[in-house]
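The residues making up each chain are set out below.
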Amino acid sequence: MATNQMQKPAAGVRLSDESFITVFMVGILVLVFALASLFVPNFSTAKNIFNLVTNNWFVIVLGVGVTLVLITGNFDMSVGGNIALTGVLSVYFVQGVNVSQNTLANGLGLPYVVAIGLALLCAVGVGAINAFFIAKLKVPSIIVTLGTMMLARGAAKVITQGAQRNTSLPDIFGWLGSLSIPGTSIRLPVLVMISLIILAYIFEKKTVFARRIYLIGANPEAARLSGINVAKYLTALYLVSGLLAGITGILLASEYKAGVSSRAMGYEFDALVIALLGGVSINGGFGSVLGMFVGAIILSVVTSAATGLLLSPDWQFTLKAIVTFIAILSQRYALDRRKA
Amino acid sequence: MKPTENVLEIRNLVKDFPGVRAVDDVSFDIKRNTVHCLVGENGAGKSTLIKILTGVYERTSGQILLNGEEHDPQNPRDAKQKGISTLFQELNVVDQLTVEENLSLGVEETTFGFLRRTDKTNQMVSVMNSIEPSIKPGQLVSTLSVAKKQIVEIARAVAAESNIIIMDEPTAAISESEIARLFTIIRSLRENNVTVIYISHRLDEIFEIGDNVTVMRDGGHIATKPVAEIEDRSELIRMMIGKTVFEHYMPRDDISPDLILQVKNLSNHRLNDISFDVKAGEVVGFYGLVGAGKTELARAIFGADHCDGEILFKGEKLRANPEKSIAAGIALVPEERRTQGLFTILTIRGNVPVMNMSKISRSGFINAAKERTVAQEYVEKLNIATNSIEKEAAKLSGGNQQKVVLSKCLFADADLLMLDEPTRGIDVGAKSEIYSLIRQLSNEGKTIIIFSSELPEIMNICDSIHLLYDGSLKSTLRNGLDVDSEYILHVVTGGD
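Residue numbers (the numbering used here), protein chains in the order written: chain A, 30 to 369; chain B, 60 to 555.
Calculated from the structure, these hints are not laboratory results. Misleading hints may appear alongside valid ones.
[Claimed, not checked] Restraint ranges, calculated between C-beta atoms of paired labels, are given here:
{"id": "1", "chain 1": "A", "residue 1": "Ile231", "chain 2": "B", "residue 2": "Thr169", "range": "53 to 61 Å"}
{"id": "2", "chain 1": "B", "residue 1": "Ala386", "chain 2": "A", "residue 2": "Phe346", "range": "31 to 39 Å"}
{"id": "3", "chain 1": "A", "residue 1": "Ala157", "chain 2": "B", "residue 2": "Asp332", "range": "39 to 47 Å"}
{"id": "4", "chain 1": "B", "residue 1": "Ala386", "chain 2": "A", "residue 2": "Leu348", "range": "33 to 41 Å"}
{"id": "5", "chain 1": "A", "residue 1": "Ala157", "chain 2": "B", "residue 2": "Ala379", "range": "24 to 32 Å"}
{"id": "6", "chain 1": "B", "residue 1": "Ser456", "chain 2": "A", "residue 2": "Ser341", "range": "52 to 60 Å"}
{"id": "7", "chain 1": "B", "residue 1": "Asp178", "chain 2": "A", "residue 2": "Phe346", "range": "46 to 54 Å"}
{"id": "8", "chain 1": "A", "residue 1": "Ser359", "chain 2": "B", "residue 2": "Ala379", "range": "44 to 52 Å"}
{"id": "9", "chain 1": "B", "residue 1": "Glu128", "chain 2": "A", "residue 2": "Ala260", "range": "55 to 63 Å"}
{"id": "10", "chain 1": "A", "residue 1": "Ala260", "chain 2": "B", "residue 2": "Asn188", "range": "43 to 51 Å"}
{"id": "11", "chain 1": "A", "residue 1": "Glu250", "chain 2": "B", "residue 2": "Thr535", "range": "27 to 35 Å"}
Idealized CB from N, CA, C, for every residue including glycine.
All chains should be modelled from the sequences, with the hints used to inform the complete structure.
Okay, structure coming up:
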């Protein structure tokens with residue numbers, strides 16, 4: 030083994046393309062961060078860095094599911110709508126029965142734990158609808174998940190009459206959203222985010238399950254002929270993505286003590302953008318959750334720097350677009366150079 | 060300009076691909092306004108020759124004279140402008156457009172960006188009309204049969220004033236009456252100053268429609284003669300296979316009588332009631348021409364495509380899906396290695412273990428060291444030319460890619476290995492390596508089924524040979540010295 034290593038040092042030492050892209054994007058992140066620190070006062074303080082990493086926990090949590098689905102060569106655009114639906118349902122389930130003239134204050138009066146369980150079940154249910162159409166009926170995922178995105182959002186609108194539910198909630202409802210590690214400002218959602226990133230990292234590098242996800246994305250037909258049950262894997266991933274959206278929805282509802290039907294508008298696109306920024310291939314078969322995480326931080330640095338520079342919020346979208354373009358182009362360039 | 064007697068003169072044409080000479084010093088003439096047939100086994104060099112004529116490939120050396128002038132098309136469009144149109148097996152019509160739109164495709168004229176109906180279009184429509192009045196210009200092409208789509212393409216070629224139309228297996232997918240109609244059209248083309256180069260595996264058609272025939276074999280030119288001077292099919296077949304003495308493989312006589320695979324009444328849209336048995340440890344070959352149903356049969360047995368009938372493997376009924384087949388001990392090397400066999404964007408290391416992940420993992424976690432060892436082991440065992448197991452599969456040569464696909468299937472530890480066109484498009488060296496590998500596997504007790512459209516391949520390595528024609532199993536014979544290759548070609552070209 031040792032002699033083997035000496036003969037072919039390149040084989041063992043060489044980074045995989047996924048790791049290479051992640052390292053490359055970390056380089057870009059450092060660059061962007063250094064620039065921002067030069068021009069924006071107090072940018073490189075510990076507190077600000079902490080905020081940069083944690084403020085967008087919800088997009089990152091979604092990004093984990095979206096990235097894994099994207100690696101199979103599919104999309105999940107339903108996550109934003111699913112957040113709204115789950116949040117609204119978790120409120121509706123615990124609101125008291127017939128407590129008010131206002132219909133928006135009346136719910137099912139279920140215990141908190143039951144309400145959360147049911148809401149999560151609905152979130153996974155949205156994933157199950159996705160899985161049924163995509164894995165079983167082979168409908169293109171972009172179509173199906175745009176459909177369920179509107180289905181979930183639509184249900185949330187109906188339940189809240191197009192607005193939100195925030196009254197007659199038991200005190201315990203806000204508990205999850207405000208929970209934090211004693212003596213620190215690390216809240217539960219951030220913990221969820223960090224544990225997911227670590228778990229996903231181990232999962233995608235080490236497990237047979239994850240390896241098969243990459244195989245499906247790289248060549249679905251060859252995967253099938255190699256004995257991989259493609260439908261089973263797609264189904265599992267859409268259920269996971271639905272579950273993660275559900276968890277996000279419940280945490281956000283708890284934090285704001287409200288179920289808002291317009292919550293998380295456009296988050297599905299944000300999750301997709303950070304995955305692409307992190308080097309995940311839109312054609313599938315390539316990318317990593319860690320890369321997505323780096324992509325998220327880059328976007329967060331840029332947005333935050335723009336605010337710091339007192340750039341009008343109207344410009345933020347344009348700025349995001351420019352950074353996304355530059356980052357993705359340079360990434361393609363670097364990868365092509367490396368492969369040539 | 061006085062028209063030359065020969066519309067095309069091919070002189071010492073050579074085309075080399077890496078490791079293989081596909082067209083080897085070919086010279087012959089094609090007479091003006093004739094139907095000139097081109098025959099030969101798969102791999103004889105017909106398609107390569109056609110692709111040089113139509114500007115798809117660049118020749119290595121030699122000369123082509125078109126109407127007495129040097130012909131060196133840079134691309135298919137260029138060839139078309141010089142008067143050579145081609146009807147490929149995969150028809151080049153757009154289903155979602157109307158007949159008229161298809162006819163004017165590529166030659167549209169516009170006013171302010173809007174399509175304009177021009178004299179050219181009108182002329183095309185009238186050509187169309189004279190060939191086949193039942194096709195209406197406003198009809199969507201998707202509503203036409205394959206035969207009528209062909210006619211639309213012919214009309215387009217005629218309207219483009221092509222004086223040579225090449226037809227590649229035009230009758231492969233159309234019915235008897237449509238064939239008759241096509242032949243009428245071909246004859247009228249000939250009377251209207253068009254030379255037709257006709258490629259077909261169906262030898263009877265050569266006698267029916269051809270004026271002259273050129274036979275090719277192993278890239279070389281064997282003969283060009285008037286069809287009238289050829290006695291019968293068997294003379295043609297003799298020319299196609301030549302006096303080549305196949306390196307006959309002596310079938311093993313120690314094969315156990317135990318049946319490992321029993322296929323009963325297998326049918327689907329391409330297969331017609333196929334039944335056969337395979338003994339454990341046997342090497343079985345399925346031979347047939349393109350479109351005979353070899354790939355369909357392989358996929359049906361493997362469970363990749365739907366089929367009716369019963370398949371027993373080791374006495375137990377197979378569940379029709381690849382996952383279950385692999386678990387039962389069957390592996391398939393698919394026909395198209397790049398799209399069906401290989402994960403091209405992954406490394407060799409990533410490809411080799413995919414059909415048997417449990418062997419390199421424990422409770423769902425991959426043992427990376429084991430994975431590398433396995434990949435390294437197969438790179439050495441199959442002599443895959445690469446400097447590292449981390450090389451992307453896309454960057455390997457065809458032969459090495461095929462070896463990676465084979466590694467994948469070998470690692471699956473299957474008892475029955477099915478190989479669909481195992482040596483297609485790979486160089487001679489890799490080919491013989493794969494043959495010796497197959498023999499070695501057979502000696503180790505594996506059962507192997509080979510699906511191939513190359514007869515020497517089948518005769519080289521198989522114990523028994525099944526002949527397929529048009530989705531049916533026509534004949535089964537035992538390999539050996541007495542195997543009559545003429546008889547085989549007779550059967551697979553549709554003879555009784």
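Cross-check of the supplied hints:
1. Checked against the hint of 53 to 61 Å, the C-beta distance between Ile231(A) and Thr169(B) comes to roughly 59 Å, which is consistent with it.
2. With their beta carbons about 51 Å apart, Ala386(B) and Phe346(A) fall outside the hinted range of 31 to 39 Å.
3. At roughly 41 Å, the beta-carbon separation of Ala157(A) and Asp332(B) lies within the given 39 to 47 Å, and the hint holds.
4. At roughly 53 Å, the beta carbons of Ala386(B) and Leu348(A) sit outside the given window of 33 to 41 Å.
5. Checked against the hint of 24 to 32 Å, the C-beta distance between Ala157(A) and Ala379(B) comes to roughly 26 Å, which is consistent with it.
6. For Ser456(B) and Ser341(A), the hinted distance range of 52 to 60 Å is satisfied, since their beta carbons lie about 57 Å from each other.
7. Between Asp178(B) and Phe346(A) the CB atoms are about 52 Å apart, so this pair conforms to the stated range of 46 to 54 Å.
8. Between Ser359(A) and Ala379(B) the beta carbon distance is about 48 Å. The supplied range of 44 to 52 Å therefore holds.
9. Distance hint check: the CB atoms of Glu128(B) and Ala260(A) are about 59 Å apart, consistent with the given range 55 to 63 Å.
10. One distance hint, 43 to 51 Å for the beta-carbon pair Ala260(A) and Asn188(B), holds here, with the actual separation near 50 Å.
11. Separated by about 31 Å at the C-beta atoms, Glu250(A) and Thr535(B) satisfy the suggested range of 27 to 35 Å.
In the structure shown, a violation is registered for the earlier hints numbered 2, 4, in ascending order.
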